[in-house]
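Enquirer: Assemble the whole structure, with the sequences as input and the hints as a guide.
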Amino acid sequence: MLQFSKFVAVRASLAILTLVLVSFIVFSLMELVPGDCAERYVAFKSSQGSVITPEDIQVERIRLGLDQPYVQRWASWIVNAFQGDFGDSCILRVNIAQLLGQKFWLSLGICLSSLTLAYAIAIPVGIISATSNSAVLNNSLRLVSYMGLALPNFLLALMIMLFSTVMFGNSLTGLFSKEFRDAAWSYERVMDFLGHAWLPIFILGWSATAFAIQTVRALMSDEIGKLYVTAASARGVSGGRLLMRYPARHALSPIINSLGFDLNRIFNELPVVALILTLTEAGSLLIEALARSNDQQLAGAIIFMLTASIVAINFITDIILALTDPRVRRSIVG
Amino acid sequence: MTDAANAQSATDQKLKEAYFTASQGQLIWQRFKKNKSALIGAWTLIVLIMSGFFAPMLTPYDATIAGRDKDYLNGAPQIPQFCDDNGCSARPFIYTFERTRSIKTNFRWVTEVKTGLEDRRYVTFFAKGMEYTFFGIPMERHLFGVDKGMIHIFGTDSTGKDIYSRTLTAINTSMAVGTIGVFIAFVMALIIGGIAGYYGGWIDSVLQMITDTVRTIPSIPLFMALAAFIPDVWSAEMRFFFISLVLGFIGWPTLARRIRTHLLTERNQEYVLAAQLCGASPKHIIRRHLLPSFTSYIIVDLVISFPYMVLSETALSFIGLGLKDPVNSLGVMLQNVTSADVLLNYQWYFIPVIFFIVLVLAFVFVGDGLRDAADPYSDSKK
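From first to last, the protein sequence lines are chains A and B. Per our numbering, the very first residue in the first sequence carries number 213; after that it's consecutive. Per our numbering, the very first residue in the second sequence carries number 101; after that it's consecutive.
I should point out that these hints are in silico values taken from the structure, not numbers from a laboratory. The beta carbon of each residue, even a glycine, is placed where N, CA and C say it ideally should be. Do not take every clue at face value.
Partial list, derived from the structure: chain A residues whose beta carbon lies under 10 Å from chain B [what the hints assert, rightly or not]:
| # | residue |
| --- | --- |
| 1 | 439 |
| 2 | 475 |
| 3 | 489 |
Stretch-level coverage of chain B by chain A, calculated; a stretch enters the list once three of its residues show a Cβ under 8 Å from a Cβ in chain A [stated by the list, open to error]:
| # | stretch |
| --- | --- |
| 4 | 391-403 |
| 5 | 429-438 |
Expert: In structure tokens:
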């Protein structure tokens with residue numbers, strides 16, 4: 213037990229170290245971008261009609277603490293970030309945590325559902341295709357996995373939009389119906405949300421599903437030929453019981469490890485898909501912060517939070533693997 | 101033993117000898133040739149790249165605003181036909197389209213089709229058209245054209261640019277962006293992975309930590325954020341170069357990791373030890389033993405990472421953060437397709453997508469085929 217908590221502690225500190233490194237990279241990149249927050253805000257002000265002098269920019273800089281040395285600013289940013297406080301947005305002048313709050317969790321929820329859906333499809337399909345000799349099934353799965361790369365999520369989203377507009381005259385976009393857009397959470401709103409969310413969840417999970425099927429299939433076919441499976445079937449275990457008890461348990465543990473990178477892939481696609489499907493509630497802020505308003509505070513915060521959720525997933529899967537896989541558990545506990 | 105059997109074993113011997121003395125490249129080619137889907141992919145790829153390369157010759161019009169057809173905005177694809185109500189013709193033809201605006205049309209521009217015999221536009225081959233330079237040679241012949249007016253086999257976009265011409269040029273752009281991106285990623289990966297793999301120890305641990313950290317950051321959102329700060333005053337060429345650079349930065353961590361792993365395992369192989377014991381210099385070992393052991397893997401990795409670059413560029417350009425108008429790419433062409441107007445009325449905007457799916461698929465098939473061919477144990481696995 214002590215060994216195990218030591219393992220958890222080591223993993224946790226590694227995760228935090230990774231986050232600190234990430235924050236440094238993100239913060240530096242945001243610093244490299246031409247212009248700073250004060251200039252942006254003041255430029256925004258002057259576009260509203262106020263007359264701005266260079267002194268005003270200087271005053272604003274001091275107010276925002278931009279005159280302090282780089283490392284100090286980074287340190288205070290990271291300390292605040294770990295407490296969930298990302299400061300104020302450059303242009304909107306609103307606390308970022310408030311601004312992002314619900315929208316971020318909504319986006320994360322959608323991405324995690326896509327990941328779940330991807331594996332809920334991929335694991336059974338992959339196992340079945342690894343055990344079956346049907347050429348039709350295997351070739352069509354091969355085609356699906358190739359399409360997962362050749363028709364990335366955003367192109368798929370476009371194609372589905374084109375198809376549904378031509379066929380049903382409805383582009384299936386958005387996350388809420390009009391009447392629920394700004395309503396408080398209620399049973400009806402949740403139902404409305406679920407009625408709209410299935411499409412983005414499917415689209416975001418599409419590439420991940422295609423790749424996961426291929427991975428599960430490859431891992432399973434490697435395991436199925438091994439002697440311990442033959443030995444088990446010689447003892448009279450057969451069918452689904454044989455598969456689940458022997459090769460599947462071995463084959464699936466590497467998959468748990470790759471969940472973090474699958475989430476990364478989904479995050480990569482999220483902004484573009486969100487833009488196409490006009491998921492205003494979840495993705496628009498991301499796009500807006502990243503692309504439209506040149507708001508480096510907000511952009512930095514969003515990227516940090518996305519990365520933090522990937523690091524969190526990696527941490528959790530490490531722990532789950534250590535708990536479920538006796539080989540890993542043995543190597544930790546000794 | 102009879103003479104026939106002797107001859108038989110002699111040819112066998114020869115075949116075996118050919119197999120054992122074949123170079124790495126010959127062996128890979130032998131295995132690659134057997135893979136039908138990879139071979140089809142390779143041919144498709146060659147055709148596509150060539151059509152991108154010879155785009156100015158193969159397309160009737162300039163892909164930029166200079167080649168626009170101002171009388172045929174948002175025009176539907178014009179399919180050449182041989183027959184209609186006025187009889188058949190040995191030469192394929194299309195009809196004349198005219199945009200008119202009058203009190204009859206409520207003062208809106210309306211496109212009218214004239215199907216009369218005299219309104220036929222006949223397709224001509226090697227037609228004289230707009231001048232262009234190909235490798236510095238001024239030319240004016242295009243593969244096809246029509247005798248009067250213009251022809252748009254894939255239709256036109258909202259400014260009247262020919263979608264067929266744009267598609268072929270876009271292939272070129274995507275290949276160029278991908279090549280530069282892959283090259284940058286490759287150089288970075290070679291340096292970082294090479295250092296990590298060669299020195300090992302704590303340098304390796306630190307570099308691994310950094311590589312893994314970079315790998316955790318979702319790259320597209322990050323580069324979206326950076327691309328958003330590109331000043332508007334940058335020229336199209338600057339943007340082009342910057343985007344290629346960004347793509348290179350997206351790709352390096354995965355490659356670096358593979359190079360490092362490969363170097364670490366190969367460094368301790370017996371054949372390296374044997375060469376060292378024979379007195380070979382490190383230079384000789386690296387050049388004659390280590391490099392050949394993984395060049396084929398590296399080439400395969402590069403081919404496989406190519407479609408990712410192309411697709412990332414498409415995604416960035418699509419949301420308006422990548423390349424911009426005078427430069428053509430699939431992403432640029434798709435920029436405005438999500439509007440209801442396009443989805444309902446102008447579906448031919450999506451024709452280029454087909455080309456790009458085929459391009460990416462061809463790359464994937466070739467990459468997979470190369471990977472299997474470069475793996476010396478692929479035969480024994482099956």
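Enquirer: Hint by hint, note whether the structure agrees.
Expert: Going down the list of hints, with the structure as the test:
| no. | hint | verdict |
| --- | --- | --- |
| 1 | 439 | violated, 17 Å |
| 2 | 475 | holds, 9 Å |
| 3 | 489 | holds, 9 Å |
| 4 | 391-403 | violated (count 0) |
| 5 | 429-438 | holds (count 3) |
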